[in-house]
Amino acid sequence: MIGLDSLDRAIVRALVADAQQSAGALGRKLGLSQPATWRRIRKLEDAGILGGRRLRLNAEKLGFGVTVFLGVKLATKGRVSLDDFERAVSAIPEVQQVEHVLGLYDYRLRVVARDLPDFERVLRRRIMTLPGAGEVEANVLLSEERLPGPL
Amino acid sequence: MLDDTDRRLLRHWQSDPTLSPSELAERVGITSGKAVRRLARMQETGVVEGVSAIINWPALGYAVEVSLRVTLDKTVARAFDEFTAAARQVPEVTQIQSFLGRVDVRLNIIARDMPHYHDIYRDRILTLPHISDIEALMQIARIKSEEALPL
Numbered sequence: 256m257i258g259l260d261s262l263d264r265a266i267v268r269a270l271v272a273d274a275q276q277s278a279g280a281l282g283r284k285l286g287l288s289q290p291a292t293w294r295r296i297r298k299l300e301d302a303g304i305l306g307g308r309r310l311r312l313n314a315e316k317l318g319f320g321v322t323v324f325l326g327v328k329l330a331t332k333g334r335v336s337l338d339d340f341e342r343a344v345s346a347i348p349e350v351q352q353v354e355h356v357l358g359l360y361d362y363r364l365r366v367v368a369r370d371l372p373d374f375e376r377v378l379r380r381r382i383m384t385l386p387g388a389g390e391v392e393a394n395v396l397l398s399e400e401r402l403p404g405p406l
Numbered sequence: 087m088l089d090d091t092d093r094r095l096l097r098h099w100q101s102d103p104t105l106s107p108s109e110l111a112e113r114v115g116i117t118s119g120k121a122v123r124r125l126a127r128m129q130e131t132g133v134v135e136g137v138s139a140i141i142n143w144p145a146l147g148y149a150v151e152v153s154l155r156v157t158l159d160k161t162v163a164r165a166f167d168e169f170t171a172a173a174r175q176v177p178e179v180t181q182i183q184s185f186l187g188r189v190d191v192r193l194n195i196i197a198r199d200m201p202h203y204h205d206i207y208r209d210r211i212l213t214l215p216h217i218s219d220i221e222a223l224m225q226i227a228r229i230k231s232e233e234a235l236p237l
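If you read the protein sequences in the order shown, they are chains A and C. Quick note: to get this note's numbering, add 255 to the position in the first sequence (first position is 1). Quick note: to get this note's numbering, add 86 to the position in the second sequence (first position is 1).
One should not assume that every hint holds.
List time: in silico EDC-like cross-link candidates among lysine to aspartate or glutamate, alpha-carbon distance up to 20 angstroms [said to hold, decoys possible]:
# : chain 1 : residue 1 : chain 2 : residue 2
1 : A       : 284       : A       : 301
2 : A       : 298       : A       : 263
3 : A       : 316       : C       : 130
4 : A       : 316       : A       : 400
5 : C       : 230       : A       : 341
6 : A       : 316       : C       : 90
7 : C       : 160       : C       : 221
8 : C       : 230       : A       : 339
Stretches of chain A that chain C covers, calculated by requiring three or more beta carbons in the stretch to come under 8 angstroms of a beta carbon on chain C [to be verified]:
#  : segment
9  : 307-313
10 : 372-385
Calculated from the structure, these hints are not laboratory results. For every residue, glycine included, the Cβ atom is placed at its ideal position computed from N, Cα and C.
Pulled out of the complex, with its shape left as it was, chain C reads as follows:
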């Protein structure tokens, strides 16, 4: 189980994932060796999965981001598996999420511009299997995106 010191380490690390173990140790007020041991244990137990670089897609020319909310045809037994397997093959799909609710699956799609999005939507998305309904939310602005947990 985690104690308060572990949680403090995670809080600091979460707010700045570039911090080194010794910098984290200093902020939490423990020795560097203790911080290294605690962080290693949290990685071993799977509490910490890793650190990822974030790709800034607009800097690569991908200016459009759209959330597609898909309802699947539930009369087909393998609709979900077949749909997600096919969606994984579309390079512009950056996230696939499944839900309990009115929406079954959400695809996050990036495109260079609106004509490019239109091509992807028509040629790669509408051709995916077992779609019964699809709804688009176009992202205008990201207001909060750090995805931190309230530890």
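If we strip away everything but chain A, and leave its shape as in the complex, we get:
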């Protein structure tokens, strides 16, 4: 783990907002030269702090009007069933996120669908038929905001 100074933090925040800006443009905003900015970005990447990029698409404009979070409990547990479940659930294109959690449920899934009938189809044909899937709880996403976190 490396210590970040205030310029590093400003760089990380700026790249979370827009990862496509050049080191030169970013440096100008922060009063840094292009090479100095580039070196800092490289250092943050090498330390694993900047872990890749995410393309932000507007799901609704692409025809995906519904996002649902599912809590899934496994009916049968054991090493084999976890592996089988994880492999099968990760292969479903509509499933965007799979987290193994500890608490009321075993897995938390983020599922995207065109509309509620489409979601019902995914739920019945693909989720409920997963190996080992037991109780499922669904919550339909209404709004979502991402915050910068403790930087």
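Got chain A; can you put chain C on it based on the hints?
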């Protein structure tokens, strides 16, 4: 409206957001100029919102991630707005989502370790207004996290 070429561009870009317009053009089999024009149009219409860097919080010493599922006191008219406004002030809250279902709001929280999480939970979360019930899911592993749309 988007055509098949647009969708192909988005599919490639989504699977590797570091690709440049000319690299995308090559994969889709169109000229670089055409790709630039199509990508610009999709940004103008808001289909593409942007590219974000992903912060790898464990590399910054944040090893714990917890999903807090909150039920709010619905007898208070402004419960949702007041709760989310206060939750935004907690630096360790990285996501706020609202739902239709058994859960009203979900907060994603990161912490350095369990004692740190305990402090945040006791001093910053339980003091948030209008909570009627709260449930925690602790993340053990992220199995799938690319959040891609099935285009």
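Here is how each hint holds up against the structure:
1. A/284 x A/301: Violated, at roughly 23 angstroms.
2. A/298 x A/263: Roughly 9 angstroms between the alpha carbons, so the hint for residue 298 of chain A and residue 263 of chain A holds.
3. A/316 x C/130: The given pair, whose Cα atoms are some 12 angstroms apart, holds under the 20 angstroms limit.
4. A/316 x A/400: holds, 18 angstroms
5. C/230 x A/341: holds, 9 angstroms
6. A/316 x C/90: holds, 15 angstroms
7. C/160 x C/221: Distance of about 17 angstroms is within 20 angstroms: holds.
8. C/230 x A/339: holds, 14 angstroms
9. 307-313: holds (count 7)
10. 372-385: Since 0 is below three, the answer is violated.
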